[in-house]
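Quick mapping for you: the protein sequence lines, in order, are chains A and B. UniProt numbering puts the first residue of the first sequence at 1, with every later residue one more than the last. UniProt numbering puts the first residue of the second sequence at 1, with every later residue one more than the last.
Treat the hints with care, since some could be wrong.
As the list claims (entries may be wrong) - As a list, the in silico DSSO-like pairs of lysine-lysine whose alpha-carbon atoms are at most 30 Å apart:
1) Lys200(B) / Lys28(A)
2) Lys294(B) / Lys7(A)
3) Lys296(B) / Lys248(B)
4) Lys230(B) / Lys7(A)
5) Lys199(B) / Lys37(B)
6) Lys230(B) / Lys294(B)
7) Lys199(B) / Lys7(A)
8) Lys37(B) / Lys7(A)
9) Lys199(B) / Lys36(A)
10) Lys230(B) / Lys200(B)
11) Lys200(B) / Lys36(A)
12) Lys7(A) / Lys257(B)
13) Lys257(B) / Lys230(B)
14) Lys28(A) / Lys199(B)
15) Lys28(A) / Lys196(B)
Claimed, not checked - Sample of chain A residues facing chain B (criterion: CB under 10 Å; computed from the structure):
16) His5
17) Glu16
18) Ser54
19) Leu56
20) Ser67
21) Ser74
22) Tyr80
23) Ala105
24) Ala178
25) Phe179
26) Ala185
27) Leu194
28) Val267
29) Gly274
30) Phe323
31) Arg327
Stated by the list, open to error - Computed from the model, here is a short list of chain B residues facing chain A with C-beta under 7 Å:
32) Leu88
33) Ala137
34) Val141
35) Leu185
36) Leu188
37) Lys200
38) Gln203
39) Ala207
40) Gly228
Honestly, the hints are just simulated from the structure, not real lab data. Every residue gets a Cβ at the ideal spot worked out from N, C-alpha and C, and that includes glycine.
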Amino acid sequence: MAELHLKSWRFRAEREADWRRLESLLTKAEAGGVGKLKREELLELPVLYRQALSSLSVARSISLDQSLVAYLESLCTRSYFFVYGARARLPERLARFFRRDWPAAVQALWRETLASLAITVVATVVAFVLVRGDPDWFYSFVDPGLASGRDPMATTASLRATLYQETTAMEGLSGLAAFLFTHNAQIALFAFALGFAFCLPTAALLVLNGGMLGAFLALFFSRNLGVEATGWLMIHGATELFAIVLAGAAGFSIGWAVAFPGARSRVDAAAEAGRRAATAMAGVVVMLFVAGLIEGFGRQLIQLDAARYTIAAVTLAGWLVYFYWPRRPAP
Amino acid sequence: MTAGGVTQRLRGLKVRREPDSGWREFVTPEGVDLRLKVGAYVERFSAMALDFLILFGGMGVFSLAVLAVLWATRAAWLLEALGVVWLLVTFVGRNFYFFLFEAQPRAATPGKRIMGLRVVAADGGRLTADAVFARNAMREVEVFLPLAFFLARGEGVDAALITLGAIWSGVFVLFPLFNRDRRRLGDLAAGTLVVKAPKKVLQPDLADTERTASQGLAFTPAQLDAYGVKELHVLEDVIRAGDRRAMKEVAERIRTKIAWDGASDIPDRTFLNAYYAALRGRLESRMLFGHRRKDKFDVS
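Can you make the complete structure from the sequences, with help from the hints?
So, in structure tokens, the structure goes:
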């Protein structure tokens with residue numbers, strides 16, 4: 001009977017077993033990761049993949065069975081993404097992120113970080129000066145919901161009380177920490193994403209943030225609580241404000257790449273900047289998590305000004321060393 | 001497919017617009033073009049709707065479970081712990097649901113899997129975790145910002161500002177409508193594409209003359225020259241679909257066209273199978289000699 005069969009039929013009959021083998025290996029690998037494959041199976045896969053690719057080329061030129069060609073295309077696509085896909089396991093990926101990728105991404109953003117920092121500082125100083133001059137400005141900078149009673153109408157004693165809340169139990173601490181972390185991280189991600197619109201909305205968010213900071217500080221300085229308030233703020237603020245500055249920088253880098261792509265095409269520039277900024281942003285989320293922990297636990301448990309300042313200084317120095325300590329370039 | 005093509009289009013260099021089939025060249029390092037198809041708007045929207053359904057459905061169920069536990073125990077100390085868990089779970093869900101699924105080897109969320117889509121790096125390289133993070137962080141301005149403007153209520157100047165904001169954020173939402181590769185903002189910021197990558201099963205070969213009842217029918221070369229590749233593919237679809245009425249109609253058309261004078265009591269399916277196998281054999285052997293007959297109008 002064999003001579004009655006089409007060439008394309010014989011072509012398929014000879015290779016079908018290999019295709020099915022590749023398919024079953026792929027299904028196994030996709031379901032449970034590479035770990036599920038045995039050693040010999042792992043070695044077999046690229047060979048089968050190249051076979052399938054060559055089958056696809058041949059099938060396209062000799063077979064008019066469209067379901068066969070479609071099957072081979074789908075099979076080759078699946079195995080292509082498996083063979084050439086990233087296969088680092090999660091622990092390795094995380095280790096690489098913390099050891100190299102994150103600091104490198106932050107270092108690459110140094111110019112944007114400086115710009116972001118400058119905007120925040122200017123906004124803080126302007127708000128500070130304005131509120132010192134006329135306390136009514138306070139309401140323009142601070143959302144009453146966030147102020148929760150810490151406004152110019154409050155008495156000095158009640159303001160002092162907010163700085164040194166006596167908490168007898170652990171109640172309220174972890175909840176506050178979780179809330180602050182999710183809230184801040186959401187804002188940071190938002191600032192990053194807004195950068196795409198040519199930097200301006202990100203800058204506006206930074207100005208708002210800095211303005212709020214300046215207004216609060218001005219209020220406390222006007223009651224001679226400046227040093228205490230700074231300690232209260234900076235114990236976690238060293239981490240949190242740094243993270244927000246970095247989030248702004250990440251947003252700027254995308255917006256800048258889109259607006260001024262230079263020699264590259266706009267699409268390539270955006271993709272490159274986006275990926276680098278995304279690495280920095282993943283790190284910002286980690287930083288904000290740390291800040292949330294410090295804010296929720298440390299700030300309420302540590303009541304001594306000196307201790308607060310020490311923690312602030314140590315964390316800030318730690319972050320700076322971690323990010324900017326010169327490293328050997330990646331191999 | 002290539003980024004270069006996109007930029008060319010964005011720069012407006014290409015004046016003449018052909019209707020876009022969505023197929024993109026995707027050449028592997030081995031030099032074979034995999035021909036990927038960019039995901040259609042409907043598929044991508046459905047995938048997103050499914051994902052949000054799963055995500056918010058899951059969050060809703062989770063919230064109810066938390067409330068149920070609180071109500072059942074009425075323990076004050078639990079309130080705190082559950083509140084923390086709830087906050088963290090919703091945060092992770094909102095920001096990392098897409099990331100966690102797309103960073104896996106299959107590079108697709110459940111919604112995308114159902115619609116047969118996956119995320120690929122536009123340059124054909126490997127899809128890295130930072131790209132996946134970037135494309136999903138952008139959802140913040142593509143979904144949540146417009147949603148916030150849409151849900152905001154205000155009067156006077158506020159209303160005007162909200163309207164302006166909604167229009168402005170609408171640009172982000174509608175972004176995929178204005179580029180050839182249907183990339184959204186996140187795809188652009190990460191250099192990714194969403195393509196069709198359905199899992200196909202290998203179907204039986206219709207020209208397998210041992211298994212399909214078609215022996216005994218012979219066609220003259222003239223009868224086989226009535227059609228080309230396009231018609232062959234339509235015939236394949238009709239036989240595979242197996243709809244009786246369609247097969248009957250097609251069989252009638254073919255009998256008339258080729259002036260079939262053989263036995264008239266053959267079942268339609270047998271006739272179509274036989275004709276398909278014979279036609280494919282004829283077209284394939286001509287193809288081996290370098291002539292691929294596009295369709296029935298292709299007479300050369």
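Consistency of the hints with the structure:
1. Between lysine 200(B) and lysine 28(A) the CA atoms are separated by roughly 16 Å; this keeps the pair inside 30 Å, and the hint holds.
2. Note on lysine 294(B) and lysine 7(A): the hinted pairing holds, with a Cα-Cα distance of about 20 Å set against a maximum of 30 Å.
3. Taking the CA atoms of lysine 296(B) and lysine 248(B), the gap is about 21 Å. The hint holds against a cut of 30 Å.
4. At roughly 20 Å between alpha-carbon atoms, lysine 230(B) and lysine 7(A) fall within 30 Å of each other, so this suggested pair holds.
5. Between the alpha carbons of lysine 199(B) and lysine 37(B) the distance comes to roughly 14 Å, so the proposed pair stays at or under 30 Å and holds.
6. Proximity of lysine 230(B) to lysine 294(B) is assessed by CA-CA distance (about 6 Å); at most 30 Å being required, the pair is judged to hold.
7. Our distance criterion of 30 Å between C-alpha atoms is met by lysine 199(B) and lysine 7(A), whose separation comes to about 26 Å.
8. For the hint pairing lysine 37(B) with lysine 7(A), the CA-to-CA distance comes to about 29 Å; that is within 30 Å, so the pair holds.
9. Of the pairs offered as hints, the one joining lysine 199(B) and lysine 36(A) holds, with about 20 Å between alpha carbons and a cut-off of 30 Å not exceeded.
10. Between lysine 230(B) and lysine 200(B) the CA atoms are separated by roughly 21 Å; this keeps the pair inside 30 Å, and the hint holds.
11. Among the hinted pairs, lysine 200(B) with lysine 36(A) is consistent with the structure: their alpha-carbon atoms are about 23 Å apart, no more than 30 Å.
12. A threshold of 30 Å between alpha carbons decides the hint, and for lysine 7(A) with lysine 257(B) the separation of about 27 Å falls inside it, so the pair holds.
13. Taken as a hint, the lysine 257(B) and lysine 230(B) pair is honoured in the structure, with Cα atoms around 16 Å apart against an allowance of 30 Å.
14. Straight-line distance between C-alpha atoms of lysine 28(A) and lysine 199(B) comes to about 14 Å, which keeps the hinted pair within the 30 Å bound.
15. Between lysine 28(A) and lysine 196(B), the direct Cα distance comes to roughly 21 Å. Compliance with the 30 Å bound is thereby established for this hinted pair.
16. The restraint placing histidine 5(A) at the interface with chain B holds, with a minimum CB-CB distance near 7 Å, inside the 10 Å limit.
17. For glutamate 16(A), the shortest C-beta to C-beta distance to chain B is roughly 7 Å, which falls under 10 Å, so the interface hint holds.
18. Annotation: serine 54(A) was flagged as interfacial toward chain B, and the flag holds, the nearest CB pair being 8 Å apart, inside 10 Å.
19. Hint status for leucine 56(A) relative to chain B: holds, with the closest Cβ pair at about 6 Å, below 10 Å.
20. A least Cβ separation of about 5 Å between serine 67(A) and chain B falls short of the 10 Å threshold, and the interface hint therefore holds.
21. A distance limit of 10 Å between C-beta atoms decides the matter here; for serine 74(A) the minimum to chain B is near 4 Å, and the interface restraint holds.
22. Hint status for tyrosine 80(A): holds, given a least beta-carbon distance of 6 Å to chain B, under 10 Å.
23. The closest approach between the C-beta of alanine 105(A) and any C-beta of chain B is roughly 8 Å, which is under the 10 Å cut-off, so the hint is satisfied.
24. The beta carbon of alanine 178(A) is positioned within 10 Å of a beta carbon in chain B (closest approach about 4 Å), and the interface hint is therefore held.
25. Given hint, phenylalanine 179(A) at the interface with chain B, holds; its Cβ is 6 Å from that chain's nearest Cβ, closer than 10 Å.
26. With a least beta-carbon distance of about 7 Å to chain B, the hint placing alanine 185(A) at the interface is held under the 10 Å criterion.
27. Evaluation of the leucine 194(A) hint against chain B yields a held restraint, the C-beta minimum of about 6 Å falling below 10 Å.
28. Taking 10 Å as the C-beta contact cut-off toward chain B, the hint placing valine 267(A) at the interface holds, the least distance being around 5 Å.
29. Hint status for glycine 274(A) relative to chain B: holds, with the closest Cβ pair at about 3 Å, below 10 Å.
30. Interface hint status for phenylalanine 323(A): violated, as the beta-carbon distance to the closest one in chain B is roughly 17 Å, over 10 Å.
31. Given the 10 Å rule on beta carbons, the hint for arginine 327(A) is violated: about 18 Å separates it from the nearest Cβ of chain B.
32. Nearest Cβ of chain A to the Cβ of leucine 88(B): about 6 Å, under the 7 Å cut. The hint holds.
33. For the restraint placing alanine 137(B) at the interface with chain A, the shortest Cβ-Cβ distance is roughly 5 Å, inside the 7 Å limit, so the hint holds.
34. A least Cβ separation of about 4 Å between valine 141(B) and chain A falls short of the 7 Å threshold, and the interface hint therefore holds.
35. Satisfaction of the interface hint for leucine 185(B) is found here, the shortest Cβ-Cβ separation to chain A being roughly 6 Å, below the 7 Å cut-off.
36. A cut of 7 Å between beta carbons decides the hint on leucine 188(B): the least distance to chain A is about 5 Å, and the hint holds.
37. Hint status for lysine 200(B): holds, given a least beta-carbon distance of 4 Å to chain A, under 7 Å.
38. Interface hint status for glutamine 203(B): upheld, as the beta-carbon distance to the closest one in chain A is roughly 5 Å, under 7 Å.
39. Hint on alanine 207(B) holds. Least Cβ distance to chain A is approximately 5 Å, under the 7 Å limit.
40. Here the hint on glycine 228(B) is broken, as its CB sits about 10 Å from the closest CB of chain A, past 7 Å.
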